[in-house]
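Trainee: Given chain A, work out where chain B should sit, using these hints.
Listed here are the chains, written in short residue letters.
Number of protein chains: 2
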Amino acid sequence: MNAREPPLFSRAAIIGLGLMGGSLGMAMRASGTAATVSGYDPEDSATAAAVAAGAVDEAAASVTACVTNADLVVLATPVLAMRQLLAEMAPMLDPGGLVTDLGSTKAQVMAWARAELPGGARFVGGHPMCGSERSGIGAASAALFRGAVWCITPDEGADAAAIAQLSELIQRVGARPAVVDAVRHDAAVARVSHLPLLAAAALVLAAAKGDQWRFDLTLGASGFRDTTRLASGSPLMARDICLTNAGPITTALDAYIETLQSLRTLITEKNGPGLLARFAAAREARDHWQHEHAPGQ
Amino acid sequence: MNAREPPLFSRAAIIGLGLMGGSLGMAMRASGTAATVSGYDPEDSATAAAVAAGAVDEAAASVTACVTNADLVVLATPVLAMRQLLAEMAPMLDPGGLVTDLGSTKAQVMAWARAELPGGARFVGGHPMCGSERSGIGAASAALFRGAVWCITPDEGADAAAIAQLSELIQRVGARPAVVDAVRHDAAVARVSHLPLLAAAALVLAAAKGDQWRFDLTLGASGFRDTTRLASGSPLMARDICLTNAGPITTALDAYIETLQSLRTLITEKNGPGLLARFAAAREARDHWQHEHAPGQ
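For the record, the sequence lines run as chains A and B.
Letter by letter, the first sequence follows residues 1 to 297 in the numbering used here.
Letter by letter, the second sequence follows residues 1 to 297 in the numbering used here.
Isolated chain A (complex conformation) (with noise of 0.2 Å):
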């Protein structure tokens, strides 16, 4: 981030104040990426919040202001609200500008972008790999993306300035762009991050379900917060990313579960030696993980 730098926008648009997009207008602001970012949420008390603590510069009252005369489009809204935001503001986008999202699955909405999207817009898909269990604007920050890696997914034939121009806002907001097909990055996460989700609301359910469970929460520890604490999130969030990218995550389920019957397996048949294996083997890619992806502690 340097602020010294002339801004890469006139003037940024940010479809959703939430978390992310709360989190993108501070950085975008911080790091003087946008001359004027506006912003717009169909909860008026979000908007209403975001302006507050300095996300956005101006309050939007609808999509179609929002957009208007904005050189980057960011839709930073739950996967599945996306369809009908691209069609809404189609009519109203600058030909020459950038449209760009921040939704966790990609295949889905680069097909949405290419059915609603006048042939001349210019929109190539993002993912920024950070978040928080905690959502709303009251847990943005600027430094979310800071060190990140963020996925860009063009379409075939996308421009590649606009490519260019995305990879550009991703530096400026200190993250690090990586260019991956759509199809690809949503298979990827389906295993390292919706699964996890899965996961982990799954551990919370399990265990809130036995006779005892009142008594058996009383004994969790930090090993029970960190498994689980990715189901403290937004609900909404996890049901469009199952319902945007249910095969790649119904492939790494089985996947799972698989591995799962095969812990227990060895675990019946009191298999020391096996158990040891997967232990070890689990651990050696875990800690391989850490030492070369993991994101700052």
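Be a bit skeptical, because a hint or two may be false.
Part of the chain A face toward chain B, derived, beta carbon under 8 Å [what the hints assert, rightly or not]:
{"hint": "1", "residue": "165"}
{"hint": "2", "residue": "250"}
{"hint": "3", "residue": "257"}
{"hint": "4", "residue": "263"}
{"hint": "5", "residue": "279"}
Which chain A residues stay away from chain B? Per the calculated CB distances, all over 12 Å, these [stated by the list, open to error]:
{"hint": "6", "residue": "35"}
{"hint": "7", "residue": "42"}
{"hint": "8", "residue": "57"}
{"hint": "9", "residue": "151"}
Listed next, with one range per pair, are the computed distances between beta-carbon atoms [unchecked claim]:
{"hint": "10", "chain 1": "B", "residue 1": "295", "chain 2": "A", "residue 2": "143", "range": "23 to 31 Å"}
{"hint": "11", "chain 1": "A", "residue 1": "155", "chain 2": "B", "residue 2": "272", "range": "20 to 28 Å"}
{"hint": "12", "chain 1": "B", "residue 1": "277", "chain 2": "A", "residue 2": "48", "range": "52 to 60 Å"}
{"hint": "13", "chain 1": "B", "residue 1": "44", "chain 2": "A", "residue 2": "164", "range": "57 to 65 Å"}
{"hint": "14", "chain 1": "A", "residue 1": "91", "chain 2": "B", "residue 2": "295", "range": "47 to 55 Å"}
{"hint": "15", "chain 1": "A", "residue 1": "277", "chain 2": "B", "residue 2": "179", "range": "53 to 61 Å"}
{"hint": "16", "chain 1": "B", "residue 1": "281", "chain 2": "A", "residue 2": "91", "range": "38 to 46 Å"}
Derived by calculation from the structure, the hints in this document are not laboratory data.
Note that beta-carbon positions come from the ideal geometry of N, C-alpha and C, so glycine has one too.
Mentor: Chain B only, in chain A's frame:
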């Protein structure tokens, strides 16, 4: 912790000087809970490191040397090592002394203590609900137990004075004693501690199994980091937990797999309301736990 109180024990013996044993030595020394803390570890390097780290006052050359004349003996090894240790130390135990352990599973350890210790031995099982994915003395800290629930699992007819003595030890190192039946304890920790451990290891193993896992893992962010943290723990400890708590763990695993299957069904049916309800229930239960029981962050 109040160093001005007189020591509760004249000579404490800790067998096993890793994360848990080392931390207990540090906490007892910092709080003046024992006049002298003696330690033994089968690995000479671990013993030397514990002395250097100030976790023990003196290093014993053998189990029998360590426990001789001790009025407190603490087993802080992986669970499967405990039966032989109990047999080995039995002839040397002070009949008036207190013997306890820090093992993650309790019914099996209690049965071994009944089998191996002389009739008069005052054994009371224990399990502090805290830890770290890091193992060894390098991760040990006098503050590890602060604020943690520490389960006490006395046998029927256990010496009330011994239970009281263990409770006081626990409070002196900053933790909160909770008396619980060993079988009840094992069922509860299967759900809130052992299942999360298996879930974390399986997440890593499943993620590392795909064709493109090297790429997939580059997208892992804070969610992957936290849900898989426990997979970086000691494989030996994980194996021993599975082998000594097999029944409750398979019951918990079955409930978990069933929950995952039900989520999978909702996804394949594209059942938005059903998914939303499940994620909302998980968030509510998790937020309740976080509010009521979560350890300090």
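Trainee: Between the beta carbons of residue 281(B) and residue 91(A), is the distance compatible with 38 to 46 Å?
Mentor: Cβ of residue 281(B) to Cβ of residue 91(A): about 41 Å, so the range 38 to 46 Å holds.
Trainee: Taking the closest pair, is the beta carbon of residue 35(A) still more than 12 Å from chain B?
Mentor: holds (31 Å)
Trainee: Taking the least C-beta to C-beta distance, is residue 263(A) closer than 8 Å to chain B?
Mentor: holds (6 Å)
Trainee: Measuring from beta carbon to beta carbon, are residue 91(A) and residue 295(B) in 47 to 55 Å?
Mentor: This hint holds: roughly 53 Å between Cβ atoms.
Trainee: Is it correct that the beta-carbon of residue 57(A) has no partner in chain B closer than or equal to 12 Å?
Mentor: At about 29 Å from chain B, residue 57(A) clears the 12 Å cut-off, so the statement holds.
Trainee: Should the label of residue 42(A) as a non-interface residue stand, given a Cβ cut-off of 12 Å to chain B?
Mentor: Label holds. Min Cβ-Cβ 18 Å, cutoff 12 Å.
Trainee: Should the hint that residue 257(A) touches chain B count as held when the rule is a Cβ pair under 8 Å?
Mentor: Status holds, d = 6 Å.
Trainee: Does the hinted range 52 to 60 Å hold for residue 277(B) and residue 48(A) at CB?
Mentor: violated (30 Å)
Trainee: Is the interface hint satisfied for residue 279(A)? The criterion is a beta-carbon contact with chain B at less than 8 Å.
Mentor: For residue 279(A), the interface hint holds, since the closest Cβ of chain B sits about 4 Å away, which is under 8 Å.
Trainee: Does the beta carbon distance between residue 277(A) and residue 179(B) stay inside 53 to 61 Å, or does it fall outside?
Mentor: violated (37 Å)
Trainee: Taking the beta carbons of residue 44(B) and residue 164(A), is their distance inside 57 to 65 Å?
Mentor: Given a distance of about 60 Å, which is inside 57 to 65 Å, the answer is holds.
Trainee: Is 20 to 28 Å respected by the C-beta to C-beta distance linking residue 155(A) and residue 272(B)?
Mentor: Check passed, 27 Å falls within 20 to 28 Å.
Hints 1, 9, 12, 15 from the list above are not met by this structure, while the remaining hints are.
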